[in-house]
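**Student:** Residue numbers (my numbering), protein chains in the order written: chain A, 2 to 181; chain B, 27 to 342.
Careful, some of the hints might be misleading.
[Claimed, not checked] Partial pick of chain B residues on the chain A-facing surface, computed with a CB cut under 7 Å:
no.: 1; residue: T66
no.: 2; residue: G71
no.: 3; residue: L161
no.: 4; residue: E185
[As the list claims (entries may be wrong)] Beyond 12 Å from chain A on every Cβ pair, some chain B residues (computed):
no.: 5; residue: L62
no.: 6; residue: L154
no.: 7; residue: L248
no.: 8; residue: H262
[To be verified] Derived CB-CB ranges, DEER-like:
no.: 9; chain 1: B; residue 1: L175; chain 2: A; residue 2: D155; range: 32 to 40 Å
no.: 10; chain 1: A; residue 1: D106; chain 2: B; residue 2: N63; range: 44 to 52 Å
no.: 11; chain 1: A; residue 1: T45; chain 2: B; residue 2: A202; range: 23 to 31 Å
No lab work stands behind these hints, which were simulated from the structure alone. Where a beta carbon is used, it is the ideal one built from N, C-alpha and C, also for glycine.
In case you want the letters, here they are:
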Amino acid sequence: MKYIALILLVWFGNQARQETYVAKNARISLFSKAPLEDIDASSTQGTSVYNAATGDLAFSVPIRTFKFQKSMMQDHFNENYMESDKYPNATFKGRVQEKVETEKDGTYPVTVTGTLDVHGVKQTRSIKGIITVKNAAVSMTSDFLVQCKDHKIDIPQLVFQKIAESIQIKVAANYTPYKK
Amino acid sequence: MIKKTFLFAVLVALSSLSRAQQTTAPPESSGTDSLLNSLTAGDKGQPVIATFKSTRLILSETSETIKKNNLNFMVIHRFGDIGGDAGGGKTLWGLDNSSDIYIGFEYGLTDNLDIDFGRSKYEQLLELGLKYNILHQTTDNSMPFAVTLVGKTGLKPYEVSTRVFDDYSNRLNYFAQIILARKFSSSFSFQLSPSFVRNNLPFPYLAGNRQGFIALSAAGRLKFSKRMGIVVDYAHPFSSYRQNSTSPKFYDPSGVGLEIETGGHVFTINFTNAQAISPMNFLSDTESKWTKGQYRLGFAITRVFDFNSKHKGTYK
C-alpha cells in the first residue's frame with residue numbers, strides 16, 4: 002500500500018512537472034512617446050506561471066521594480082501615477098486560447114484572454130503573444146497597449162510635462178519546468 | 027496503516043479535485059494563482075521612496091537627498107511681519123519687506139549623498155554642507171525609519187550686525203543634524219531631528235550667549251491629494267541662555283504651510299514666526315512671536331534638473 006501510494010505520488014508529481022512552467026525574471030518594459038521626453042522603463046523582476054495543459058497563464062510584476070533613467074520620473078511614476086504604496090503589483094491572469102505542445106519545437110502565435118489588474122483596476126483583455134518552444138525550453142513574448150484611463154491613472158492638468166494617454170508594454174519571459 | 031490509507035485517499039481526492047478545477051473553473055481561481063503567489067511571496071522589502079516631496083519643508087531639511095547627477099535649485103523667501111509694529115497696511119502686511127532670502131543649490135554626488143551650497147540675506151551667511159541618507163526605511167519594516175545626516179559650515183563674510191569679527195574663525199558657524207523620518211502612509215510622513223549648532227562668535231552677539239547648543243525639530247506632512255499637502259514644522263533650541271533671556275526674548279520657531287508639486291517643481295507657501303531660513307540663524311535667533319503679529323508669509327520654489335545622460339532606451 003505504502004509503495005503504491007509512493008508510486009502514484011511520484012507519478013502525479015511528474016505529471017505536474019511536465020505541464021507547469023514558471024518564469025522568475027520576466028522582463029517587462031513600458032514605453033510612451035511624450036512631447037517633452039519619452040517615458041521608458043523596464044523591470045526584470047516579473048514572475049509568471051504557465052500551465053501548458055490547461056492553458057492557464059498568470060503574470061505579476063512589482064511596480065517598484067521598474068527602473069527609469071531619471072530618478073525623479075521613477076518617483077513620480079510610483080507616487081503620483083501608479084500609487085505603488087496602495088497597489089504594489091500589476092498582474093494578469095488568463096488562459097491561452099490555443100493548444101501549445103510543449104514537447105514539440107515550434108512557434109505558436111497565441112491569444113490570451115483574462116484579467117489585467119493595473120493600479121487596482123481590473124480590465125478583461127485579450128492579448129496577443131507568441132509562445133516559442135525550442136529544445137524543450139518555453140518562452141513567451143507579447144506587445145500590447147494599456148490605456149491610462151482604463152485603469153484610472155490620472156493625468157492631472159497641473160503637470161507641466163505632458164504624458165501620453167496610452168502606454169506600450171512589452172513582455173518577455175523564459176520559462177523553466179516547475180519543480181516541487 | 028489506516029492513517030496512511032486515509033492520507034493517501036485524501037491526497038488522491040485533492041489532486042483529482044484540483045485537476046477538475048483546472049479544467050472547469052474560471053482562470054482567476056486556478057492553481058496557477060496560488061503558485062504565483064507562493065513565487066512572489068518571498069520578495070524582500072523595498073526601500074520606501076518619496077517620504078517627502080522635496081529636500082525642505084518650511085524650516086527643516088527633510089530626509090530626502092538629491093539623486094545622483096541631479097541639481098536642485100532653491101529660492102526661499104520670507105516677507106516681513108504681517109502684524110505688529112512692522113506690519114499692517116503700511117507695509118502691505120509685510121510684503122514690502124523681506125526678512126530673509128535664500129538662494130541655494132544641491133547636487134547629488136550619489137543617490138544618497140548630496141553637496142549643498144547656499145546664501146542667506148540674513149547675516150549674509152554663506153553655507154556649504156553635505157547630506158547623507160545613511161539608512162532607508164523599508165516596506166517590510168525591517169528598518170522602520172530613514173536616517174539622514176546633515177553637516178554644514180557657515181561663513182559670514184560681511185559684518186552685518188557686528189563689528190567684532192577680530193578673528194577670522196569668529197565668522198564660522200557649524201550645524202550638525204540627524205534626521206529620523208518615517209512615512210506612515212502614502213499621505214502622512216513625520217520626522218524628528220536632533221541637531222547641534224555652534225557659532226564661533228555666539229549669535230546673536232550679546233553678553234552671556236554661548237557658542238554651542240542643542241535643538242530638536244519636529245516636522246510633518248499630510249497630503250490631501252496626490253500633489254498637495256499641509257506641512258508643519260517646529261523647533262525647540264535647548265539653550266538656557268535663550269530660555270532665561272528677557273531682553274530680547276526668544277521664541278521657538280514654527281511654521282505651517284501648503285506644499286504643491288507640479289512635476290519638476292515643488293512650491294511651498296507658508297506662515298512662520300522665524301525670520302531666518304538657515305537653521306544656523308533661525309535656531310540661534312528667533313525673536314518674533316506669533317501672538318504679537320510677528321509672523322510672515324513665506325514661499326519656497328525648488329526645481330530639480332536631471333543631468334543623467336539622455337535615454338539610451340531600455341524598452342526592448
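**Student:** Please write out, lowest number first, the hints stated earlier that are contradicted by the structure.
**Tutor:** 2, 3, 4, 5, 10 and 11
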